[in-house]
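S.K.: Chain by chain, the residues run as shown.
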Amino acid sequence: MRHTLTVLVENTPGVLARVAGLFSRRGFNIDSLAVGRTDNPAVSRMTIVVEGDDQVLEQVNKQLHKLIDVIKINDITKDAYVDRELVMIKVYAEAATRSEIMQLVDIFRGRIVDVGRKTLTIEVTGDEGKIDAFENCLRPFGIKELVRTGKIAMLRGLKPGTKNNGYKEEDMV
Amino acid sequence: MKDKKLSGAEILIKSLEAEGVEVIFGYPGGQALPIYDALYDSGIKHILTRHEQGAAHAADGYARATGRTGVCLATSGPGATNLVTGIANAYMDSVPLVAITGQVPQSLLGKDSFQEADIMGITMPITKHSFLVEDPAEISQVVKEAFYIAASGRPGPVLIDLPKDVSTVKAEYSKPDKICLPGYEPVLDGDRRQVKKAAEAIAQSERPLIYAGGGVVTSGAHEELLQLAELIVAPVATTLMGIGGFPGNHPLSLGMLGMHGTKYANFAVCECDLLIAVGARFDDRVTGKLETFAPGAKIVHIDIDPAEIGKNIQVDIPIVGDVKRVIKQLTEILSPDLREAWRDKITAWKKEYPLSYCKKGGLKPQYIISEIYRQTKGRARVTTEVGQHQMWAAQYYTFTRPRSFISSGGLGTMGYGLPAAVGVQVGCPEDVVFDIAGDGSIQMNIQELVTAVNYNLPINIAIINNGYLGMVRQWQELFYNRRYSQSELINPDFVKLAEAYGAEGIRVTTRDGVAPAIERAIRSGKPVMIDFVVDREDNVFPMVPPGGSLNKMLG
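Chains as they are written, first to last, in the numbering used here: chain C, 0 to 172; chain U, 1323 to 1877.
Hints were generated in silico from the structure; no laboratory data involved. Treat each hint with caution, since some may be false.
[Unchecked claim] Stretch by stretch, here's where chain C covers chain U in the computed footprint (C-beta under 8 Å, at least three residues):
id, region
1, 1436-1446
2, 1524-1532
[Claimed, not checked] So the derived label-pair ranges between C-beta atoms look like this:
id, chain 1, residue 1, chain 2, residue 2, range
3, U, N1571, C, L157, 37 to 47 Å
4, U, I1655, C, V42, 34 to 44 Å
5, U, G1443, C, V114, 41 to 51 Å
6, U, G1877, C, G13, 46 to 56 Å
7, C, D82, U, G1443, 25 to 35 Å
8, C, I142, U, Y1470, 29 to 39 Å
All C-beta atoms, glycine included, are put in the ideal place defined by N, C-alpha and C.
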């Protein structure tokens, strides 16, 4: 089963190497890993999608916790969460197919971010299923390049008992 | 005000002094020169080993014997990479160690500069944590955190990499007041509900067995363990790392379990109905085939490292916490039990299947170790290398005190024993120290003999010399059709070698020569190497073949 972990880490040099090294060393499979800093520049947040049964996930969790730079791990797979991924696709677009592609972009609420003589570069965000579907739609036209950010995710609302700088959920609406 | 500023190296030494460091094991070199210059005026003693690996093992041996954090120091590049085996060794056996390395100046980092190695990257999988210091003002905080991380929770090695510009540039020294590690907070007390569950399981058990690992020694829980075992009448089998955590001469002691464990310990594992694992990690050398390990038993697992729970085996009642505290919590709520049937069974097994060896033929390794035990009255600090001699030392020297058996368990590092003995003798100057060695292993760090001579450390080295890599030969005999591929050794003259290093050398070839040689060594007051020329093809038994079940032992 695939699990989505959100991991808060100290923003120190080498922290990504520590996490990535741990996964490869212990034979855990990463599907995707996205990382960037949070509102606190000293803290980064990783969204890691990892494949494994419950026992493997328990080990992933515990081994990650052993890293001194890891502050907090949340396996949000079973909770309600919002996730997004961004993809950029450079697709062959001849005069004959250009309008059809643009229609698809509309349907998927994407944006064309670059127009070349023979190509269009399109940006789409969404959950993984939508990105996959969009990729499949474009495949017949010929995909020249594709890059995905990997999934980022966040829990919906506030978990009961979670502190968030002293604000209650009502205050934030 | 200018005078108040110190160089990074001076801040480092000051910070080490603030941590109470009394001795550093190390080896100088280019990028460590500023550190060595600052050390020149310091009260910290420095032991110059003859190889950086020796420094790491000596610091490790010092830490295991004294319980204090060991410190080793090396220069960048090859100095740092020579520490790697020693760091890995400390990591596998959870030994508190702080390794400090010089590094090329930051302006040269990443440029394949002379003697540059990415030691932080290299050691990432074998350190508990590591620091690359970028600013001399950080040093005091880094040192404080490094010592805290190394010694707390499940101990382990921590690396501090110090670029030369950082150790040269001046900054203000400020004493760090507190540690800020939001991601690190070891759990010490066991969860009360889990402790209660364990106590209930113990009360219901007819045949409980305690499986004690290195965590008992590390957390200083030997007294609590003895109390628990006697209270509930549970026999205690220890791992290699747990040796000394329970008195080996106690009626409830089963000695070591696992691959070269006693028959009665392994029988007890197979027949117990409750296995209480204390500070142990279900290593493959202990469990053999996992499916048949403690087949009829409920398992309680007490460990400070949550990641050890459920790693190799599913347990029924996990308790995360410091072993000493959790055992205390347990004994407080348990009531005594006699368990006569179980105790009688254990006693009968011990009588029927004692450790034994064939006394015919030439000089016997087991006899030599028994004689060392007899003459030191079981009170020596014994280090070992890795191989047959190590297992015989574990079997035939009866250890009764924690921190007295000092051996490379997890990594199995040949060449550990001699430098470790140096560290042990530095930490425990009053104690008799023996390195029980093999003729193969001793040559892996033989250069440290001159370190012992240099610092007048009267360590004793007993080489069990069979002219083979004995354990390799044993496996080749048993599992590779006696094809002795590359396991026979042509050895130097160990007596002459000892003398060349300035130590005393003794050769023993007969049984009658054993006792006087050991006596002479202990009395000599200087480093002595005894070359015991033993039967060539003796095997370590009992033996559970790799991946086999514990009740199916050879020998």
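S.K.: Against the range 46 to 56 Å, how does the distance between the Cβ atoms of G1877 of chain U and G13 of chain C compare: consistent or not?
M.R.: holds (49 Å)
S.K.: Does the Cβ distance between G1443 of chain U and V114 of chain C fall inside 41 to 51 Å?
M.R.: holds (43 Å)
S.K.: Quick check: does the Cβ-Cβ distance between D82 of chain C and G1443 of chain U fall within 25 to 35 Å?
M.R.: holds (32 Å)
S.K.: How does the Cβ-Cβ distance of I1655 of chain U and V42 of chain C compare with 34 to 44 Å: does it lie in that range?
M.R.: This hint holds: roughly 41 Å between Cβ atoms.
S.K.: Is the coverage entry for the region 1524-1532 of chain U by chain C consistent with the three-residue Cβ rule at 8 Å?
M.R.: This one is violated; 0 residues, fewer than the three required, reach chain C with a Cβ under 8 Å.
S.K.: Three residues minimum, CB to CB under 8 Å: does the region 1436-1446 of chain U make the cut for coverage by chain C? Let me know.
M.R.: holds (count 3)
S.K.: When you take the CB atoms of N1571 of chain U and L157 of chain C, is the distance between them in 37 to 47 Å?
M.R.: violated (60 Å)
S.K.: How does the Cβ-Cβ distance of I142 of chain C and Y1470 of chain U compare with 29 to 39 Å: does it lie in that range?
M.R.: violated (52 Å)
The structure does not agree with the numbered hints 2, 3 and 8 stated previously, though it agrees with the rest.
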